[in-house]
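**Student:** From these two lone chains plus the hints, build me the complex, please.
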Amino acid sequence: RKEVEQDPGPFNVPEGATVAFNCTYSNSASQSFFWYRQDCRKEPKLLMSVYSSGNEDGRFTAQLNRASQYISLLIRDSKLSDSATYLCVVNPGGGNKLTFGTGTQLKVEL
Amino acid sequence: SAVISQKPSRDICQRGTSLTIQCQVDSQVTMMFWYRQQPGQSLTLIATANQGSEATYESGFVIDKFPISRPNLTFSTLTVSNMSPEDSSIYLCSVEEPPAGELFFGEGSRLTVL
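Here the protein sequences line up with chains A and B, keeping their order.
37 is the number of the first residue of the first sequence in the numbering used here; add one for each residue after it.
46 is the number of the first residue of the second sequence in the numbering used here; add one for each residue after it.
Honestly, the hints are just simulated from the structure, not real lab data.
All values derive from a computational prediction rather than experimental measurement.
Among the hints, erroneous ones may be present.
[To be verified] Straight-line C-alpha distance at most 25 Å; calculated DSS-like pairs for lysine-lysine:
hint	chain 1	residue 1	chain 2	residue 2
1	A	Lys81	B	Lys52
2	A	Lys78	A	Lys115
3	A	Lys78	B	Lys52
[What the hints assert, rightly or not] If you want the footprint, here are the derived chain B segments under chain A, 3+ residues with CB under 8 Å:
hint	segment
4	80–88
5	139–147
6	151–159
Beta carbons: idealized from backbone N, C-alpha and C, even for Gly.
Only chain B is shown next, with the shape it has when bound in the complex (with noise of 0.2 Å):
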């Protein structure tokens, strides 16, 4: 399976700023996949990164929120913009591995906005 590195692994973060969470991925892949887990939650896909093209963002998330970047096959970036405490999660990066689709993650990045 894919290594995927994530960072930053955690920070803290002050309301009204921004934070960039990089994944690197040691493989060529099509698509990456941003998710979140908030504090007794499952995960939830925020958008798919596509390379040459637009993320996908699914229901809730706006790219305004989330911009992401995929300028190559093995990396991503995702920004969380103008955080609140809401933002306060861990952010997941994560590849596909053909052909039944199970999925692989980085280690996360835990964000806290104060």
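So here's chain A without its partners, still in its complex pose (with noise of 0.2 Å):
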């Protein structure tokens, strides 16, 4: 099993949709969780940190499932600019650096 595991995508949607991702995680001691937003051909940049009691920023939503092992970002009212690449990053704690997720695509049409 791989230690961050995304559905690559591409998503598909309308602007103004919905739409939610998952990512499962294999590391149960897992500290902290990220997302970061890559868009073609630029470096990632962090979107947000994952709390454990959930957290929102405007459109978007983080949320975290330490039973389940996984984290998901759910973006409102998408625009054609969120179109990019999302990226699941993991800190496994005790020393170990950031596990990241091959990405999930996003496309928002009109």
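**Tutor:** Below you can see the structure in the form of structure tokens.
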């Protein structure tokens, strides 16, 4: 089982739609979790950290389910500019470095 | 968050040559990280560059192929040695923000080896 798994997509959605991505992780001791956004030919940029209680930033909501070992990202009212690859990132702790998922590609269309 | 500058942003190189990528951070950081992102793949950590000591390499990466320098707390270089087409990739420099450990990246260096 991969350390971090994501559905690669692509998810093609119309503008204004709500879309959700899930990500599972294998190490139950993982300590912190992030969603990054990567535009084509650009570096990954931190979108949001994921807290145990769940957190929201505008149209974006991130949730963590430790029992099932997955995190989710919900995007409401999708914009064309949301088109990108979304990377799930897990910090396994214990001095180990961040582990990146392969990313989920989102395409928002008119 | 730290501002990270990398250069070159892109280069096309011949097989068998070497290329050195530079990474400059606008603040002092203890550790700097070098990642590789091959076409269509996610990020893979190459090594951690520690100031004042040798870099720590991940499994599958060796110092002879990817020598790293870390002369001070704001600068590091990664050299890709004796390049082959399989080294064609984006190389990314990053730093960690405590306490949660989020990573922030430079703009990346896109390398194409012919």
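**Student:** Each hint needs a verdict: does it hold in this structure or not?
**Tutor:** Hint check:
1. Distance check on the hinted pair: A:Lys81 and B:Lys52 sit about 18 Å apart at the alpha-carbon level, within 25 Å; holds.
2. For the hint linking A:Lys78 to A:Lys115, the alpha-carbon distance of about 19 Å falls within 25 Å, and the restraint holds.
3. A C-alpha spacing of about 14 Å is found between A:Lys78 and B:Lys52, which places the hinted pair at or below 25 Å, so the restraint holds.
4. Interface restraint, the segment 80–88 of chain B with chain A: holds (3 residues with C-beta to C-beta distance below 8 Å; minimum three).
5. Remark: the segment 139–147 of chain B is confirmed as covered by chain A, as 3 of its residues place a Cβ nearer than 8 Å to a Cβ of that chain, reaching the required three.
6. Beta-carbon proximity to chain A at under 8 Å applies to 4 residues in the segment 151–159 of chain B; the threshold of 3 is reached and the given coverage holds.
Hint compliance for this structure: every hint is met.
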